[in-house]
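The listed protein sequences correspond, in order, to chains E and G.
Note that my numbering gives residue 410 to position 282 of the first sequence, counting from 1, and the numbers run on in steps of one.
Note that my numbering gives residue 440 to position 312 of the second sequence, counting from 1, and the numbers run on in steps of one.
Read the hints as simulated data drawn from the structure, not as lab findings.
Copies of the same chain are indistinguishable here, so a pair counts whether it falls within one copy or spans any two.
DSS-like cross-link-like pairs, simulated, lysine-lysine; straight-line CA separation at most 27 Å:
| # | residue 1 | residue 2 |
| --- | --- | --- |
| 1 | Lys277 | Lys449 |
| 2 | Lys449 | Lys244 |
| 3 | Lys241 | Lys277 |
| 4 | Lys244 | Lys277 |
A quick note: this is a predicted structure, and the numbers were derived from the prediction, not measured.
2 protein chains.
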Amino acid sequence: MEVIKAAILGFGTVGEGVYEAIQTHQQQLQNILGVEVQIAGVLIQDLEKERNIADEVLVTTNFEDILNIPDLQVVFEAIVGEDPSYSYLSQAIDKRCDIVTANKVMFATYGEKLIKKAQTQNVKIGYEATVAGGVPIIRTLAQQLQVNKVGRIQAILNGTSNFILTEMRNKELSFENALGIAQELGYAEADPTNDIGGFDAFYKLMILSSLTFGEQPDWDEVKIEGISALSNDQLEEANQNNFRYKHVAELIKEGDNISASVSPVLTDADHPLYNVEGVDNAVVIEANLAGTLTIQGPGAGKKPTASAMIEDFVHIIQSKKTSYALS
Amino acid sequence: MEVIKAAILGFGTVGEGVYEAIQTHQQQLQNILGVEVQIAGVLIQDLEKERNIADEVLVTTNFEDILNIPDLQVVFEAIVGEDPSYSYLSQAIDKRCDIVTANKVMFATYGEKLIKKAQTQNVKIGYEATVAGGVPIIRTLAQQLQVNKVGRIQAILNGTSNFILTEMRNKELSFENALGIAQELGYAEADPTNDIGGFDAFYKLMILSSLTFGEQPDWDEVKIEGISALSNDQLEEANQNNFRYKHVAELIKEGDNISASVSPVLTDADHPLYNVEGVDNAVVIEANLAGTLTIQGPGAGKKPTASAMIEDFVHIIQSKKTSYALS
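Could you build all of it, start to finish, from the sequences and the hints given here?
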């Protein structure tokens, strides 16, 4: 059986999730693709740390070692931040590797460039995992709404801030206590600024903008407002009137103009985001033919993120195999 | 510019919707596909009826005329019922036409056969419009959850019965009055048996079963229960306790066994179908990696159904064009 060699960059929750899912779903992958999928290398930061990786896998802190793996075909990227991810992926594309990434900050900034580079090298980039975890929003927009014209997207793209708002309202917890619980449960980082400040949602929204409208608004003109100014009194008053505050990321296209914002929004019971609770993410798409579509599900976590990356991987290999078969 | 010739079988709401959408989105289709899409023929039942179809289009009551259109590439099928649709589509496949269908009754019965036949003739079948209108559930299951193992699907697949339940609860209307309003608004047929009796949802559920599990349960063993036995008192009592009755179509796979049912189900406020109101459809997918995903949107209507069919069409032409380009 043909073997496809892949490498994983970064072995935090996401990288480990991909590794594990490929082991546990090896038979399924073979059934679908007719090939064996082999993780040939893993790029890590700290060689001393104990990890559950098979002995035959090259584990290294040196990206050159990864690039030098013979016949490497696919790179799964699960590093945080712009650098050195962008540089690594550029090099991998130049070596004709397909890319599957979960790195939203990097992709919001360099996604359009990487896609162009990938086209010139005839390789593919999967980035489903950069937005809303296991919720297949990227592929839905890219493939299932091609003729449709999308006028507006409203979304809950950060599970942590949505969880905090839900806990504050349901359990009358203070912001600090709700954040503490989110941190205990592993939803929030030690430094939660990106989540509660709206920056995480902002990066994801910019990726959706590139995909949907072919461009991003000027970042300086995007209003980004976090949730930490919301008081329990405000949440309670809204609730009494059957409203809920949701941390909404919004994109609107009017004529040639794209406007974007991330901010707490008062939603009524008929709003499609009103009932999106806890750590779930959801994306509401207003399309001219299909109407208003909502896609909801787990926006983060080891398995959902691994799901998005492996489904991307399968899609990439299939698109290549079809052409091989027919050429 | 290359021309792709297509025909439409049936010119009711759905057929007309496809025709109109292809006219209004011609530029968009040319941008995406690099071809002109031409409706070359329309099959109708009654030649006397006035229709808004351009003079150069062949309008006929004879399917042979459609089959004889030179270089016909795609057939959009929007007829109701098993016959003669199945026979027409079989013949079209034998002439190497790709198929896009909205016919759920026919496809629930003959879909697996038609797909096999299409494979032997190397043509494609799009059937997104058979289930949940413009909600892209078919392609989500077929393409975005390939590695994931789906254990359960719960869905609201009939907008009419969901609309009636919503009106009865919200406005305390009797079943008869709510049905009357659904008929006035064009949601329900003159004979609403298929909608309120659960049969329409049943056919759609069987299509989802074939797609998700590769087979259907024995039809005789599927419990199909309509909504007409529900009283206002029952709905009101549920509502007081924060429950709602929803007309739920459910598929469960345990081991090798598939069980299916369509019936009124009491949902609590945490249930993903609790807030699906009015004529919306929604499908909840329990997948082992991605988690619980919900997709919601307009389940019927001229534009949403046309949307599903045209997006299918684009997908089919793209999958062929890629191979042309590479071969």
